[in-house]
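K.L.:
Spelled out, the chains give:
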Amino acid sequence: MVRKTNARVVLNRQKFEGVRLVLADGLLEAGRQMVLEISNAAPDATPYGVGLLNQGAAIGYVDGKKIGDVSLDGRAPRKPRGARVKKGLTTIVGWGFPGRFLEFGTSKMAARPFFTPASKRIDVRGEVEDYVKPRLRNLR
Amino acid sequence: MTFYPDVVGKLVIELRDDPAVDAIVAGRVRGFEPKSGDADGPKNYKAHVVIVQLASERISQTAVQRFTCAIRCYGLTPPQAAELRWACSNALHLAGGRLHDNGLHIYQTVDESGGEQLKDPDTDQPYQIFIVTGHASTLEVVPTGS
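Respectively, the protein sequence lines represent chains A and B. First residue of the first sequence: 1, per the numbering used here; consecutive thereafter. First residue of the second sequence: 1, per the numbering used here; consecutive thereafter.
Hints were generated in silico from the structure; no laboratory data involved. The structure displayed is predicted, hence computed values, not measured ones. C-beta: ideal position from N, C-alpha, C; glycine also. Please note: incorrect hints may appear among the correct ones.
[What the hints assert, rightly or not] Chain A side only, calculated, beta carbon under 8 Å to chain B, not exhaustive: (1) Asn12; (2) Arg13; (3) Gly68; (4) Ser71; (5) Gly74; (6) Gly88; (7) Phe101; (8) Phe104; (9) Gly105; (10) Lys108; (11) Ala110; (12) Pro113; (13) Thr116.
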């Protein structure tokens, strides 16, 4: 007797939101790694660099709602004034004053870029994958 | 002559050669930091541009680099800083491939972000920053037929 094959796939839509949250956590984890990597490169010098080592922070959002944050000084970071968080998954990584002036320089001080070069050393996709893969296996 | 694939020097030349930028800054486009006399404080503001390279990484297994530069556009007033920012942006954004005399080929430059109205913390001069990314050769490019 020939059995009829059944290739029907049942899509468990209830788990979709769980998958999104795991991805958002993965993105925040990548942000955390970025903060740690950049903090190693942050200049700690007068007149503008003192304290920069402890300033880095990352904030994660899902559809505009904050889901978590990471900061080197332990305080809850504030969303940058100019940042517009849209729908979807977002992670913002940044440094407070006077990070901008060190990164880009001023009239009287040459730039000492620390953020851009260090952030490019982080493989964001790889960090997210490392975080997400084991958790997705458990999401059944 | 040894070939150095330095992008900043060529961007300085490109902005200096742009008529809209030059009409505002009169040749004061600098790489790395302002020249002495460019940023002398409130009574002696001069419009000028400073290009700072933030990163330049080699794209593995190719003779291509991806560079990121910050361009600080100082004006006498906030509106002039905005005018200068857009003049610089128009000169570089999607400018396409261009081959410089030394063999450096810039494939493309893109205005990625920026445009905040800022005040310099040292001189209070109004300025705007924008970020330019692009790709350029790491080896000397020789046009065919030459």
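K.L.:
Each hint: holds or not?
P.N.:
Checked hints:
1. Using the Cβ-Cβ criterion of 8 Å, the hint placing asparagine 12 (chain A) at the interface with chain B is not satisfied: the shortest such distance is roughly 39 Å.
2. Against a cut-off of 8 Å between C-beta atoms, the interface hint on arginine 13 (chain A) is violated, since the closest Cβ of chain B lies about 36 Å away.
3. About 25 Å separates the beta-carbon of glycine 68 (chain A) from the nearest beta-carbon of chain B, more than 8 Å, and the hint is not met.
4. Hint status for serine 71 (chain A): violated, given a least beta-carbon distance of 23 Å to chain B, over 8 Å.
5. Given hint, glycine 74 (chain A) at the interface with chain B, is violated; its Cβ is 27 Å from that chain's nearest Cβ, farther than 8 Å.
6. A cut of 8 Å between beta carbons decides the hint on glycine 88 (chain A): the least distance to chain B is about 18 Å, and the hint is violated.
7. Annotation: interface hint on phenylalanine 101 (chain A) holds; nearest CB of chain B at approximately 6 Å, less than 8 Å.
8. Interface restraint check for phenylalanine 104 (chain A): the shortest CB-CB distance to chain B comes to about 5 Å, inside 8 Å, so the restraint holds.
9. Interface hint at glycine 105 (chain A): satisfied, since its Cβ lies 6 Å from the closest Cβ of chain B, which is below the 8 Å cut-off.
10. Against a cut-off of 8 Å between C-beta atoms, the interface hint on lysine 108 (chain A) holds, since the closest Cβ of chain B lies about 4 Å away.
11. Given hint, alanine 110 (chain A) at the interface with chain B, holds; its Cβ is 5 Å from that chain's nearest Cβ, closer than 8 Å.
12. Interface hint status for proline 113 (chain A): upheld, as the beta-carbon distance to the closest one in chain B is roughly 4 Å, under 8 Å.
13. The criterion of a C-beta within 8 Å of any C-beta in chain B is met by threonine 116 (chain A), whose closest approach is roughly 4 Å, and the hint holds.
Consistency note: the structure conflicts with the earlier hints numbered 1, 2, 3, 4, 5 and 6.
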